[in-house]
Every structure is written in C-alpha cells, then in structure tokens.
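Student: Sequence:
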Amino acid sequence: MFKYPLSVTVDTNIFDAAKFDLSENSTIRLLENYVKDGKIQVVLSDIVIRESKKHISDQIKRVCGIIRQSRTDILKVSTENLIKYVGLNEILNVVRNKDALAAKGEQIFDNFVSAINAEILGAELIDVNSILEDYFRTIPPFENSEKKKNEFPDAFIAQQIKKRFSTRICETTYDDGFLHNEQGHPRAAGTFPRLIDKYVKTGKLSLYDAINKESAAYNETISVIKDIQLQISSSILKYIKENENIEVQGLSVDSSGLVSGYDYADYWLHSVSNISFVIHSVDEISENDSIVTLICKANISADCYYDDYDNSPWDPEEKEYIYIETIKIREEHTPHFGCRIKINRKTKSSNVFPFTIILGGDSRTNLYVVDKISDENEDEINAMDRESLGFQPLGSYASYLEDNLSDSEFSAEVVGRFEKMNDLYRRYEDCSTIYDLFLSDLDSKEIIKAVYENIFDISDIPHIDDIENLTSSEIESIKNWANIQYERTSEIAEISLLPNSLDFGKTVIMKGVNGSEAYFSIDSNQVNPSEGDEEIINVQFSTGYGMPKNGYIKLTVGYLKFDEDGGASEGISDEIEYVYDSVLKELDAFIDEQTYLTEKDTQISESINNAISNVHKQI
Numbered sequence: 001m002f003k004y005p006l007s008v009t010v011d012t013n014i015f016d017a018a019k020f021d022l023s024e025n026s027t028i029r030l031l032e033n034y035v036k037d038g039k040i041q042v043v044l045s046d047i048v049i050r051e052s053k054k055h056i057s058d059q060i061k062r063v064c065g066i067i068r069q070s071r072t073d074i075l076k077v078s079t080e081n082l083i084k085y086v087g088l089n090e091i092l093n094v095v096r097n098k099d100a101l102a103a104k105g106e107q108i109f110d111n112f113v114s115a116i117n118a119e120i121l122g123a124e125l126i127d128v129n130s131i132l133e134d135y136f137r138t139i140p141p142f143e144n145s146e147k148k149k150n151e152f153p154d155a156f157i158a159q160q161i162k163k164r165f166s167t168r169i170c171e172t173t174y175d176d177g178f179l180h181n182e183q184g185h186p187r188a189a190g191t192f193p194r195l196i197d198k199y200v201k202t203g204k205l206s207l208y209d210a211i212n213k214e215s216a217a218y219n220e221t222i223s224v225i226k227d228i229q230l231q232i233s234s235s236i237l238k239y240i241k242e243n244e245n246i247e248v249q250g251l252s253v254d255s256s257g258l259v260s261g262y263d264y265a266d267y268w269l270h271s272v273s274n275i276s277f278v279i280h281s282v283d284e285i286s287e288n289d290s291i292v293t294l295i296c297k298a299n300i301s302a303d304c305y306y307d308d309y310d311n312s313p314w315d316p317e318e319k320e321y322i323y324i325e326t327i328k329i330r331e332e333h334t335p336h337f338g339c340r341i342k343i344n345r346k347t348k349s350s351n352v353f354p355f356t357i358i359l360g361g362d363s364r365t366n367l368y369v370v371d372k373i374s375d376e377n378e379d380e381i382n383a384m385d386r387e388s389l390g391f392q393p394l395g396s397y398a399s400y401l402e403d404n405l406s407d408s409e410f411s412a413e414v415v416g417r418f419e420k421m422n423d424l425y426r427r428y429e430d431c432s433t434i435y436d437l438f439l440s441d442l443d444s445k446e447i448i449k450a451v452y453e454n455i456f457d458i459s460d461i462p463h464i465d466d467i468e469n470l471t472s473s474e475i476e477s478i479k480n481w482a483n484i485q486y487e488r489t490s491e492i493a494e495i496s497l498l499p500n501s502l503d504f505g506k507t508v509i510m511k512g513v514n515g516s517e518a519y520f521s522i523d524s525n526q527v528n529p530s531e532g533d534e535e536i537i538n539v540q541f542s543t544g545y546g547m548p549k550n551g552y553i554k555l556t557v558g559y560l561k562f563d564e565d566g567g568a569s570e571g572i573s574d575e576i577e578y579v580y581d582s583v584l585k586e587l588d589a590f591i592d593e594q595t596y597l598t599e600k601d602t603q604i605s606e607s608i609n610n611a612i613s614n615v616h617k618q619i
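If you count the sequence shown from 1, position 569 lands on 569 in the working numbering, and the numbers rise without skipping.
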C-alpha cells in the first residue's frame, strides 16, 4: 500500500514529450486532480520551471516562424487580394510581437504550477562544491565525458531533491517517484527507489495507473471495458471517420540521411477499419467515471496529394510552370496509436477524447498511385463495377443497413417484445378505471367490506382489525390506499407506447410497471467502408442493474478479385450478421418480471370490480 501523499517531481523532458499540452484533459494536467484528492504532492525544481518556460517560449517563436514562412509560400502562388476576397485573409496575418506571445505561453505554465500547488525547490538547496566533486569523479549524473557540462542542470536538480528529502533516503516505507525519461536524475538523487523500480523505469507514465490499482473501482473499470469493448471500438472508429484526425508523414529519412517518399500538399482519410485495443493505464477514477488510456491498432488508408514538379511542363520564356500536375497517392497503414476515453461505470458507456493518429514509415504497409481521374468519376465507375458483380456501391451501405434492419428477424423479434410491453401498459387503463370506481363508492361500508374480503390476502391494502366495525381512521387509510393505486395505475396507462420499428442511433427507454427503467440501444449507422472491411455496430440492453447485455450488427463488405486470365481469384459476398441472443434473453427476463407484476395488479383490480358489482346487484 502507498503512503499518501506521494511526493512526485517532474523533469522538463516530461513536459517536452507532451509538447506542453496543459489542457484540461491532458495526461500532465491530471496531476491537478490527484493533488486535490491528496494522493500526490508535486515538488518542482526552480530549474525545471525555468527550463520549461524557456522551451515554451522557443516553441511559440518557432510557430511564429512557421506562420511567416507559410505567408511567403502562399504569396508565391497567389495574391493577397485574392486570398482576402475568398475569405482566407486570416492566414496571412503575420505575427509581429513574438515576445508578447511567448510571455503569454509562459503564463500558462505559471498557472499550471499554481493549480497543482507545487512546492518549489530553490538555489538554497544546492551545494556547488559537492557538485564539482561529482563532476571530477564522474559520479551520476556526470556519466558522459562529452556532455559533462550539459549535465550540470541535472546535478543541481538531483541535489535539490537530495536535500529536500534527506530524511527519507533511508526510509523504504515511502513510495515517492521521479517522472523522467530514463535519464540520470533518479540514481543521482539517491531516493524514491521503490516507485521507480516498480513503475517508472518501464519508460511509461504509469504512476496514475499504479495509484488507481489500489482502488476497488479499478477492477470494475477493467470489467466494464471488457463488457463494452465492441462499443468502444465502434466509438473510436466513429471519431476517426467524423474528425479525420490523421497526420500523414510522407517523407522519411534513413540512417544515412537519404530522404524518400513524398511531400504531400494535402491528404484525406479514405477508409478505416478493424479497430482493436489494449488497456495501457487507468489514469483517473472518480465516483462514477474512469479515464483510461488505450493503445489502439487499426487499418487506415489515406488519399494523399503532391505536386509533381518533375513531370510538369515548364515555360522557359515566362520562367514558370504552364500547369502543375497533381498526383494522387493512396497510402495504407496499420498504425498503433494512443487514445484516451472516459468510462461511466454506472451506465456502462464511453466517450472518446480528441486524439491524432500519425501515419508514417513505421506504420505504412503499402502505397500506390491512383489513376488520374476525378474522384467523382472514380466513385461512379467503382459503383457501377460493384453493382455489375452483385455488390452494393461503397457509398450506399448506410441505406443498405437501414433497409436490412427494418426487414430483419432481429427487428421483428425486438419490436414484438415492445408490443408485449405496450399490451401491459394498455391493461392498466382498465385497472385505473376500476380504482376510480372504487374511490367513488368508498362512502359505502358494504363496498369497503366486500372489496377488503376479496383482496386482503392478495394485495397490500391496509389491515382492518374488525371488518364489521370499521373505524373512521381505517376508512381513511383505505381511501388513501385506493387513491395511490389509482394514481399509480393511471401513470402506467399513460406511458408512451414503445415504437413499432428500430432505428440506428436511437435509445428506447422502457418503463417498467414497478417504476424501473430499461434501455435498448443501437449505435449510429456511420459506416464508410472499403472492400473487405467488417463494420461492427453495437446493440445493448441494460436494466441499470448488473452488467448490460451486448450484441452487435456486423456488416461485411463484399469484393471480388480477378487473376491475370480474368477469372475470379478471391472474394467474399456482402453480408449482414445479427448477434443478439444475450440481449433478447435479458429483454425477455425484464418483460417476464413486468408481466408477473401486471398479472398481479390485474387480478387485484378484477377482484375489486367483482366485489363492487356483487354489492350493487344485491342493492
């Protein structure tokens, strides 16, 4: 078990690796939440603060330089007036006061240091003579004879830590840590042995995960993720398609410095499929939610465009290109990428945080030139080819899924269950009418007596000590009970009927006659498939108790390939598969429970009606 708060110090390279992303949902910013919960005490060297602010300043100034260069590049191919006319003049705004912007960036870091309530280690903790002795004796962090001078800041930081935690160096009960990138600080500081050995030396920022593993909610989080993994994969797929959050790095440099590939002017997502993931860490746990980092894998292709100056015609007189040929390259990748999600453990749902996927040489599996025809013509020809082979055009699978869903056995079975629930709601119309009738006859002791004798052993009607001698308080309690039953049955009778069809992207709320709620949902139909892809659309039913039951609708996109002789070599057919047995079983269990309760209510109301009828006949 950890002893809280853990004292954690962060080196500059951690901020560098995060590109100084100090936004609300960033990994670094999560420190603030752990500080507020009393789990972490952040201790920062003043050297780290100065280095970080300088790096932020340098980063801002580099961005300003890029903007200036972009303006120059833009005005090589267009005019300022034209750019302004089409509404893009903002991109020509030149940043003139770099220092002011850099100062603004530094202020963001100051705000972060304040938010995490960091303890600042100052120069008073530095013993220069001791550091010089380490320098000449090549004692960590002075390990590289060629970079000894560059290691002085590390030595200062290490000694600040030594002095601040000198009372803890020999105490193994403290679990403190040094977030670093496997550099010389920890050994030089001589402290924090346990946490470093167990968690940090892996090279992963897994401190949060280490803390959260001690929480009971950690195992619950892992369990929920396993139960809704199809839903999570579908959400990640949807996010990529809707945001096109890819960055294609067409150029690569080998070990000898040779550059290969293409410098793309533009690129667009073409397709994404086969999302899979593993849990990297559970970063934060609150009352109902968990924030989790996933390592994902996917098949992604992108359409990339570059200007082919080498093969474009040149006008020697005008000294300019007559026109510039644009080449379309399709790149296919299987990247690994990080993705952070928020898991609601109560509702068993997930939300995806924004993320970017880098497509480069390490993830590239194939690339090829696409024929020089317009995208519209390409899509039209492809659609005609597919239809001639008996396949759906790639752009029509959304409507194909919708049509298939409405005619499917799955839809018929679920809607049939909905109608059973609607029948239950309708039965309560008669129940409420009978209770209303009973309320109008409660001035008659004979009616009360007859009703009580008929239902006292099958209902929760208030107890009467002597039915032949009713007291005023007993009559009043009967009236109150009857009024409650009338209002309850009336509310059930007024429940909106469940739909007679299923739709993608909709959640159907099923109200139970006992006040409970159940939820049936089908994820949205946001498919943009490629040939051979499998698209998973999650189906879920939940009563709010226990784990939700999951099924799915799987679309397989057909294709057919031909060999050199024109014969079919390989392919698969279009197919839609429905897997929903567990969903249907849980739905039936819910309806069975509501049916049992309705039968009981119906029996009581019919007994009341019979008793009232018999008394009126006698009268």
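In case anyone wonders, no lab produced these hints; they're calculated from the structure. Keep in mind that the hints are not guaranteed to be accurate.
In the DSS-like style, the derived pairs of lysine-lysine whose C-alpha atoms are separated by at most 30 Å in a straight line are [said to hold, decoys possible]:
| # | residue 1 | residue 2 |
| --- | --- | --- |
| 1 | 226 | 328 |
| 2 | 84 | 328 |
| 3 | 36 | 342 |
| 4 | 585 | 561 |
| 5 | 19 | 54 |
| 6 | 561 | 506 |
| 7 | 561 | 241 |
| 8 | 420 | 554 |
| 9 | 511 | 585 |
| 10 | 346 | 297 |
| 11 | 226 | 554 |
| 12 | 241 | 420 |
| 13 | 297 | 561 |
| 14 | 226 | 585 |
| 15 | 342 | 19 |
| 16 | 346 | 328 |
| 17 | 506 | 346 |
| 18 | 585 | 238 |
| 19 | 420 | 346 |
| 20 | 328 | 36 |
| 21 | 61 | 76 |
Keep in mind that this is a model prediction, so the values were computed, not measured.
Student: Identify every previously stated hint that the structure contradicts and give their numbers, smallest first.
Tutor: 1, 4, 6, 12, 16 and 20
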